[in-house]
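Student: Please work from the sequences and hints to get the whole structure.
Keeping their order, the protein sequence lines are chains R and H.
Residue 216 is where the first sequence starts when you use my numbering, and the numbers rise one by one after that.
Residue 216 is where the second sequence starts when you use my numbering, and the numbers rise one by one after that.
Please keep in mind that the hints were generated in silico from the structure rather than gathered at the bench.
Fair warning: there could be bad hints in the mix.
Pairs involving identical chains hold if they fit within one copy or between any two copies, as the list cannot separate such chains.
In silico DSS-like links for lysine-lysine, alpha-carbon gap of 27 Å or less [said to hold, decoys possible]: (1) K459 with K257; (2) K257 with K460; (3) K537 with K300; (4) K408 with K537; (5) K427 with K469; (6) K460 with K358; (7) K380 with K408; (8) K457 with K379; (9) K257 with K537; (10) K379 with K469; (11) K395 with K427.
Protein chains: 2
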Amino acid sequence: MGGDFAPANEVQGVLDALRETNNRFHVVLVGDEKALREELVKRGAGGESCSVVPASEVIGMEESPTTALKQKRGSSLMVGITLHKERKADAFVSAGNTGAMTAASMLTLGRIIGVSRPAIPAIFPSEEGTTLLMDVGAVTDSKPHFLYEFGVMGSIYAEYMFNKKRPRVGLLNIGEEESKGDELAKEAYKIFKKNASAINFIGNVEGRDILKGAADVVVCDGFVGNVVLKFGESVPAFLKTKFKKYADQGMVQKILMASLRTPLRKIFKDFDYQEHGGVPLLGVNGVSIIGHGSSTPKAIKNMIYRAEEMVRLKINFHIEEKLSRYQPGSLGKNETEQ
Amino acid sequence: MGGDFAPANEVQGVLDALRETNNRFHVVLVGDEKALREELVKRGAGGESCSVVPASEVIGMEESPTTALKQKRGSSLMVGITLHKERKADAFVSAGNTGAMTAASMLTLGRIIGVSRPAIPAIFPSEEGTTLLMDVGAVTDSKPHFLYEFGVMGSIYAEYMFNKKRPRVGLLNIGEEESKGDELAKEAYKIFKKNASAINFIGNVEGRDILKGAADVVVCDGFVGNVVLKFGESVPAFLKTKFKKYADQGMVQKILMASLRTPLRKIFKDFDYQEHGGVPLLGVNGVSIIGHGSSTPKAIKNMIYRAEEMVRLKINFHIEEKLSRYQPGSLGKNETEQ
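Tutor: What follows is the structure, given as structure tokens:
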């Protein structure tokens, strides 16, 4: 119920997914029962494998996550995530308030053993296909070993979800040499190097390497990742204003730009991570997929497919397995369990 | 001598600047005397107001700044910056090794009173004109008051060099609310707020606001700034590969893209900060302009103009004046002087 176009786009996306897959799975719609049933009827729902679980409240996009979660225990978000916690559902997807979604998932589902901080990856287009940047906002003030764990989680996600063999994991830094960077990067580098056999660590990468595709997974603190994600998302709008200015110069320019509208839109779409149908909060003990607030029915449909894939490919099992073999080495127990 | 095309582009840029301005200033060329004189002769130098000061060594692009500065005391960089330190020159410009340039400037020239850490701004294109991002790599592991000082220095630079009245200064963060961000951003926010009268602080801005032009000056730690700068610089190359793929689809597409080559190149040029002719290391007690290694003669010429402007507009005087009025408030003496 929390998405910008809820529940219309949500219901349409669910029906599309079920029709496209011949009810390969069952979807539970959580929220205002009347509104959901109306949307189902309006969209000609009949034999689709879906049901409705009522929830009386909705957390708005602008609400403070912590306050909202405390005050609205009957929200569609909390009811849904609790269904998942009780294993009445195998996964939970939402296009609602990202902060609330992150907090509710962490508090309700808990963490996978070995994970200090669940994190959110973003999928960037690259000259080589895609680059996973992680974290993009769930964790700030990271400790060095958080970054190593992001690397392991990102590597597993890229391997299973994007079919990449031995994904190349790079540490985002301001220079390639081992001695470069801030304290966090320098210390993280040491942990990556010490555990080099666990993943395919290729060393430091720089800001330019994300779009270049020099690594499959680029690891960073959530502050840096969030800034880069939002900067990247703003590139299409910026170029559009530039192209518009060019088109305004005359008739020839206008025709040229008009004929380029479709290819340009396609290229720019790559910067919009909702096209991938949402991203998981990796590291929670469950499958929690976070979508863009303005998710289209297509994005909702893809989010459901992503959730199904994460369950089917046992992403969390692989993360736990890999991180349990991880030797914290010189790290104290307190530090690893923080 | 340290630039990728030194001393050819350097000498050409100097001659262009002097010819264009009817010798409005005098330029001292520092480096291999024979090579410099040959370049001057080759380019028909005659009445231009320039001279040569010999320097026997060159610091390479790939050399470690600290080692190079220790071992090559006779480098063109050190001889040049020493001329400036002794006020035999009013400014120093170089297209050489950025790290060495930064270190040499700080060690030789020292800092302006009130400045904890000299920093490098980058000039981003924006929908509104330009956005100054600062710092982009000189300072990592910033303390909160460093960011405030970057804000003051950036504000003065934008006001005098870009003719902006009361430049809007934003703190780069991952959300707009005061409570958002990592520890650094939260603490820096408090200092900005406490000293709100000194500059036009508009609060937190996000990654998307840089190209949008929501602020004239965006302040951040050098790690974040460097990542965003390099990411931004990689956008044109990424889009070029995408456009090329589109052109390869057929003859119509090829012709369309060919006719767009010139406007595209112009738009992409905005991402290349060398077009502005280099950026200063702001906060050193002098004028030290850092250019791109592959600076063209035009970039060299513009660097010289930038240096002249910084001297003429007394940028450093304004920085010192403003930061001396800055009330550190709760900060201890030790902290401000670190």
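Student: Which earlier hints turn out false for this structure, listed by number in ascending order?
Tutor: 1, 2, 6, 9 and 10
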